[in-house]
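Once you have looked at the hints, place chain B with the ligands on chain A.
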Amino acid sequence: MPNMPIESGVPDPFQYMHPTLAKNFGAWDYHDRPRPGVLHHVAKSGDEVWTVRAGTQRQMDLYTIRKLCDIADEQGEGFVRFTIRSNIEFMVTDSTKVDTLVTKLQDEGFPVGGTGNSVSMVAHTQGWLHCDIPGTDASGVVKALMDELHEEFVREDMPNRVHLTTSCCQINCGGQGDIAINIQHTKPPKINHDLVANVCERPTVVARCPVAAIRPALVNGKPSLEVDEKKCICCGACYPPCPPMQINDPEHSKLAVWVGGNHSNARSKPSFQKLVAAGIPNNPPRWPEAAGVVKKILKVYKEDAREWERMNDWIERVGWPRFFELTELPFTKFHIDNWRGARRSLNASTHIRF
Amino acid sequence: MAKEMYSTPMLDQLEDGPWPSFVTGLKRLANDDGKPYQNMMIDLLGQLEHSYETRKGYWKGGTVGVLGYGGGVIPRFSEVAAKFPESKEFHTLRIMPPAGMHYTTGLLRDMCNLWEKHGSGLVAFHGQSGDIMFQGVETDKVQEAFDEFNAMGFDLGGAGPAVRTGMSCVGGSRCEQSCANEQKIHRLLVNNFLDDMHRPALPYKFKFKVSGCPNDCMNAIERADMAVIGTWRDDMKVKQDEVKAYVAEKGRKSVIDNVVTRCPTNALSLNDDDTLTVDNRNCVRCMHCINVMTKALSVGDDKGVTVLMGGKRTLKIGDLMGTVVIPFMKLDSEEDYERLVEVAEETIDFFAENALEHERTGEMIERIGLVNFLEGVGLEVDPNMIDSPRQSSYVRMDAWDEEAEKWFSRKAEEAA
Ligand code: SF4
Ligand code: SF4
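Just so you know, the sequences run in chain order A and B.
Quick note: the first sequence uses my numbering, first residue 1, plus one each step.
Quick note: the second sequence uses my numbering, first residue 1001, plus one each step.
Quick caveat, the hints were computed from the structure, so don't treat them as lab data.
There may be inaccurate statements among the hints.
[What the hints assert, rightly or not] Straight-line distance between alpha carbons at most 25 Å, and here's what the computed SDA-like set of lysine to any residue pairs gives:
(1) A:299 x A:279
(2) A:44 x B:1330
(3) A:23 x B:1331
(4) A:302 x B:1291
(5) A:231 x A:195
(6) B:1239 x A:283
(7) B:1060 x A:201
(8) B:1253 x A:33
(9) A:295 x B:1018
(10) A:67 x A:27
(11) B:1316 x A:35
(12) B:1237 x A:279
(13) B:1205 x A:234
(14) A:302 x B:1261
(15) B:1141 x A:336
(16) A:269 x B:1279
(17) A:269 x B:1060
[Claimed, not checked] Covered by chain B, according to a simulated footprint, are these stretches of chain A (three or more residues, beta-carbon under 8 Å):
(18) 286 to 294
(19) 300 to 312
We put the beta carbon where it would ideally sit given N, CA and C, even for glycine.
Here chain A stands alone, though its shape is the one from the complex:
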């Protein structure tokens, strides 16, 4: 008789937590950052903890994980945690361990950084490695980008922190980012009519389309689906429930860059990212065109934004015309929103900068 699962749910973290963190739970006093990549937290009890943060490749082979464990055991205190952006953090209570820990991580090829006003590791999805609907890879894009932005990860030289994200389809699992690099399809799905009837629940697929462009149809005597290509916005929403409606295309699935998404409530309210560039080729293995756009935006932001201005704060202050001028990105009719609620994004004033 096979075992039924023990529905234990989310494990209690205290059994795996550094004892000084557990002891001072909910009773911390302040923190500072002695150097990029290192946090120093002081508890109300007077206890102190140093955290060394390092970037990882997220998709890790077990030898990489064991290497990180060896470092944690030998140079650290045997306790680690991961951040939401797949950085690993080593906690130590002995300040003299910090420098050796940092050096060891660097020697082993793990960049120490990602703290304060740095460029973060890219939040990303699975891509060609493991997703069933990806238009591009995720880990590869991230590797290529982080190689280019490595210097900004290990420093704290940005006006404010910069969160990067990437998504391999337009569902946007990577989420909102100060800069997001996302797939943008530009052609309607190519339908394999021989397969639709067997593979797809047709009413479900019809209901999935955001612009009601899909209707049931008989094609070559077989029940299938038809797309009104004039209406279709090439979003790919029909593809997951109906794989014979292939949306991914080696040439026409492009990359778009969005900026100003910010999840934090600091200063302004959380904001969504806005389209700034599209038509960027999906060009593995190093995606140089996409990296070029990202670097350009970062350079302008770094030069022009004031201290503590997050990407969206900066653009809010200088205005979108200036953003396009400074980044030398083309402004097109596609930047003007026509989705629901779009009027709220139009300028209904004479507020214009010259």
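Frame of chain A; chain B with the ligands shown alone:
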């Protein structure tokens, strides 16, 4: 016997450069002589290189699971198995990490040993869902791998139209800005809905995320159907001697430009003697000044949470942020926590009954209106739920007097 390695000229280019390379890791597994996963990883590399060459993905879903559960395993079957047969099944186990993602090296090593035996040796810490993604296991090894994780005290996360794996920040374990017991809220909420997680039967996914303060490090407002965010309602704490020390270090101009004038509600004022005055009635707890002056400023003592609902990504009507449904609630006593669970239960029940197939909570609220949702789950309207009152007169308001009366009696009750 190991297969021959494919030539992978495109992937090879991802081995250079300063950032750690996942390709180098994949190759390490593919070169791992004698390991059960070696051939699988050789073919996986072959298939990935094929994807890079053709710019296409080659995985499809299917049905794979463990006994007793309807979700939590992400099935992946290769569409190019004829060419790369050894990685034809490459499923993922979504395993829920300890809240706050704390690990001992012992735990990580145990997980590695387990995955070396049953899986591919490839692990992602963590997926966007907040799960540990144990990637690459064959269909007939899924159950044995899961059983071992389960025996270690770990459980599968959510997938499909179900309550999904939750996330909570480092919070109280290391952050002085924490206003809530994040891990407790996270575990209480998710673990209360394990049936809805493991047996997917909701209209679509439902996510909980918990951030200890309005910095919202877990992106809860943007991504979660139910976001619980720590906050406080008394005065923030100001250590005036630390303010003075900060001003002395950075200069007045810097403090004015970067702290005082960056306050969204002009609630800060730097005094002539370099102390700081905070207009706490108008502070919206945005965290900016506290983020900058970490020693001088800190959150207050009267802590609690704000609850927002309806955050989600693009599909299908466009991205939505969560909106406030409970401006403030205390989470001190067990009854307080029970009340929070009750709100989640009411919401998920209402969602299960009223959402259309494949509709998220936020889309449902958008379709039926916030007020219908609030009435459905038994929450009272509050001006903190809006940016501004309605702008259009096209609404029927003959029940105005009753509604005004409700407001006054609620206020009278609160005052009593
Ligand atoms: S790609 Fe999007 S818009 Fe076009 S038919 Fe499919 S769901 Fe509809
Ligand atoms: S927390 Fe934000 S709103 Fe409150 S005083 Fe500081 S900057 Fe102003």
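Quick rundown of the hints versus the structure:
In summary, the hint linking residue 299 of chain A to residue 279 of chain A is supported, as the alpha carbons are separated by about 21 Å, within the 25 Å threshold. For the proposed pair residue 44 of chain A and residue 1330 of chain B, the alpha carbon gap of about 23 Å is at most 25 Å, so the pair holds. As the CA atoms of residue 23 of chain A and residue 1331 of chain B are separated by approximately 21 Å, the hinted pair is consistent with the 25 Å bound. Distance check on the hinted pair: residue 302 of chain A and residue 1291 of chain B sit about 20 Å apart at the alpha-carbon level, within 25 Å; holds.
For the hint pairing residue 231 of chain A with residue 195 of chain A, the CA-to-CA distance comes to about 23 Å; that is within 25 Å, so the pair holds. Taking the CA atoms of residue 1239 of chain B and residue 283 of chain A, the gap is about 53 Å. The hint is violated against a cut of 25 Å. Distance hint between residue 1060 of chain B and residue 201 of chain A is fulfilled; the C-alpha atoms sit about 16 Å from each other, no more than 25 Å. Proposed proximity of residue 1253 of chain B and residue 33 of chain A is supported: the alpha carbons are some 22 Å apart, at most 25 Å.
Restraint check for residue 295 of chain A and residue 1018 of chain B: the C-alpha separation of about 17 Å stays at or below 25 Å, so the hint holds. Annotation: proposed proximity of residue 67 of chain A to residue 27 of chain A is violated, straight-line Cα distance about 32 Å (limit 25 Å). Using a Cα cut-off of 25 Å, the hinted pair residue 1316 of chain B and residue 35 of chain A is violated, with the two alpha carbons roughly 44 Å apart. Pair hint residue 1237 of chain B plus residue 279 of chain A does not hold up; C-alpha atoms about 50 Å apart against a cutoff of 25 Å.
Only pairs whose Cα atoms come within 25 Å are accepted, and residue 1205 of chain B paired with residue 234 of chain A is accepted, the gap being roughly 24 Å. Restraint check for residue 302 of chain A and residue 1261 of chain B: the C-alpha separation of about 20 Å stays at or below 25 Å, so the hint holds. Among the hinted pairs, residue 1141 of chain B with residue 336 of chain A is inconsistent with the structure: their alpha-carbon atoms are about 51 Å apart, more than 25 Å. Restraint check for residue 269 of chain A and residue 1279 of chain B: the C-alpha separation of about 19 Å stays at or below 25 Å, so the hint holds.
For the suggested pair residue 269 of chain A and residue 1060 of chain B, the alpha carbons sit about 39 Å apart, so the restraint of at most 25 Å is broken. Against chain B, the region 286 to 294 of chain A contributes 1 residues with a C-beta closer than 8 Å to a partner C-beta. That does not satisfy the three-residue criterion, and the hint is violated. Residue count for the region 300 to 312 of chain A with a Cβ under 8 Å from a Cβ of chain B: 3. That meets the three needed, and the coverage hint holds.
When held up to the earlier numbered hints, the structure conflicts with 6, 10, 11, 12, 15, 17, 18 and fits the remainder.
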